[in-house]
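Enquirer: Given the sequences, and given the hints that come with them, work out the whole structure.
Read in the numbering used here, the sequence shown has 297 at position 297, and its numbers run on one by one without any break.
Calculated from the structure, these hints are not laboratory results. Keep in mind it's a predicted model, so treat the numbers as computed, not measured. Do not rely on the hints blindly, as some may be mistaken.
[To be verified] In the DSSO-like style, the derived pairs of lysine-lysine whose C-alpha atoms are separated by at most 30 Å in a straight line are:
no., residue 1, residue 2
1, 198, 290
2, 148, 29
3, 21, 48
4, 279, 290
5, 103, 319
6, 48, 279
7, 29, 275
8, 103, 29
9, 198, 148
10, 198, 69
11, 29, 279
12, 277, 21
13, 277, 103
14, 69, 29
15, 21, 103
16, 69, 277
17, 319, 148
[To be verified] Taking CB as the label site, the calculated pair distances span:
no., residue 1, residue 2, range
18, 297, 19, 36 to 46 Å
19, 140, 237, 33 to 43 Å
20, 290, 114, 29 to 39 Å
21, 100, 294, 42 to 52 Å
Each residue gets a CB set at the ideal place from its N, CA and C atoms; glycine is no exception.
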Amino acid sequence: IIVDGEATAVNPEDFLMPEEKTWVMFSVKGQVARTFHDEPPRVTTTTKVPPCFLQESATTHTLYLITDKGNCATIPVQQLPQADDVVDGIHFSDICPLDADEKVVSMLSLPLNLDTGYLFFATEQAQVKRLDLADLPGVMAKSFSVMKVADDDAVKQVLYTSGEDEIVLTTAQAQAIRFSEDDVRPTGLSAGGMRGVKLLGQRDRVVAAFIANDDLYTWNITNDGIAKTSAMEEYPSQGRAGSGVITMRLPADSRELVAATIGRLDDTVLVLTSKNKAKYMRLGLAETVKRGRAGGDFVISLRENEEVVAVVNYEPQIKPAVADKPEMEEDAIIDDDE
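Expert: Here it is as structure tokens:
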């Protein structure tokens, strides 16, 4: 089109479709979809296939699906089918280059103009890694590696961080460590991780990772459905790779912690069970107990041979963060004990 007028700069964004707010859903059985509107999807105890990831998004975003073995694939959010129920979506292997037998453990919806910040990775065996967002590919036709993961390990969680955040890792044996993300120097796509927390025995593992905020509360839940909250300000900041502090006194009949998160007491989450049941609840439903002290309430009724396995957050839209970037280190595998 030729326009008779003063020349102006043209940006790539000028050719994009108008941005529409939406929520992206990913189910426990691998279906992925986006909502018709900007309200979060409704999930009830009668939902047969509940979501395991929920994130506020927009149609101009790129969706990143990350597997337990550090593989990653991208999908333009605009291309996701719309649905009221995630079960009516499409299986991830039919819309991206990941294989159907790969296990997706994290989902991030990133804006096109997001060029600052980091991805922070935490594995079950307590390895942590930080990737500069500038090194993350955009939309790709093929999958690509974002972390080298040992055969006996698995990625547990991936967070978007500003570069100035503090990270909390929570373990199955009810320990939690808080440290600056600067303790984890940025490395490239092919790099592995470094130790984030010292695990207590062979059965211990990392069950959650989140960004610390002293205005919020931590929330922890056991395999048999006992939950408690504690003020985040009660958790001291330490160096990476220590044992951390006690986050919850495990009740005698509880085997382990299975999930943890952070939020306001009036924030809502979904608690998922081994029977693929979901219960919607406020964090404040659980008893607030001083960190390290005994306490907690049953917050969910479980049937025989049923256990709590995960918590699902209603993740807010990711927006650009402003922070100074530390100098990039050599792209190399880092010794676990470093």
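Enquirer: Go ahead and decide if the range 29 to 39 Å is satisfied by the Cβ distance of residue 290 to residue 114.
Expert: Holds, at about 38 Å.
Enquirer: Between residue 198 and residue 69, is the straight-line Cα distance small enough, at 30 Å or below?
Expert: Holds: residue 198 and residue 69 sit about 21 Å apart, inside 30 Å.
Enquirer: Can the restraint linking residue 198 and residue 290 be considered satisfied, given a maximum Cα separation of 30 Å?
Expert: Holds, at about 23 Å.
Enquirer: For a C-alpha distance cap of 30 Å, please report whether residue 69 and residue 29 respect it.
Expert: Answer holds: residue 69 to residue 29 is near 18 Å, not above 30 Å.
Enquirer: Is the hinted pair residue 279 and residue 290 satisfied, with a Cα-Cα distance of at most 30 Å?
Expert: holds (25 Å)
Enquirer: Would you check the hint for residue 21 and residue 48, treating anything up to 30 Å between C-alpha atoms as holding?
Expert: holds (26 Å)
Enquirer: Given the hint that residue 103 pairs with residue 319, test it: the Cα-Cα distance must not exceed 30 Å.
Expert: Holds, at about 27 Å.
Enquirer: Is 33 to 43 Å respected by the C-beta to C-beta distance linking residue 140 and residue 237?
Expert: Holds - the Cβ-Cβ distance for residue 140 and residue 237, about 37 Å, lies within 33 to 43 Å.
Enquirer: Hey, residue 277 versus residue 21, does the alpha-carbon distance stay inside 30 Å?
Expert: OK: residue 277 and residue 21 at ~28 Å, within 30 Å.
Enquirer: Residue 29 and residue 279: Cα distance at most 30 Å?
Expert: holds (17 Å)
Enquirer: Is residue 198 close enough to residue 148, meaning Cα to Cα at most 30 Å?
Expert: holds (20 Å)
Enquirer: What's the verdict on residue 277 and residue 103, does the C-alpha distance respect the 30 Å limit or exceed it?
Expert: OK: residue 277 and residue 103 at ~19 Å, within 30 Å.
This entry satisfies every hint, going by the numbered hints stated previously.
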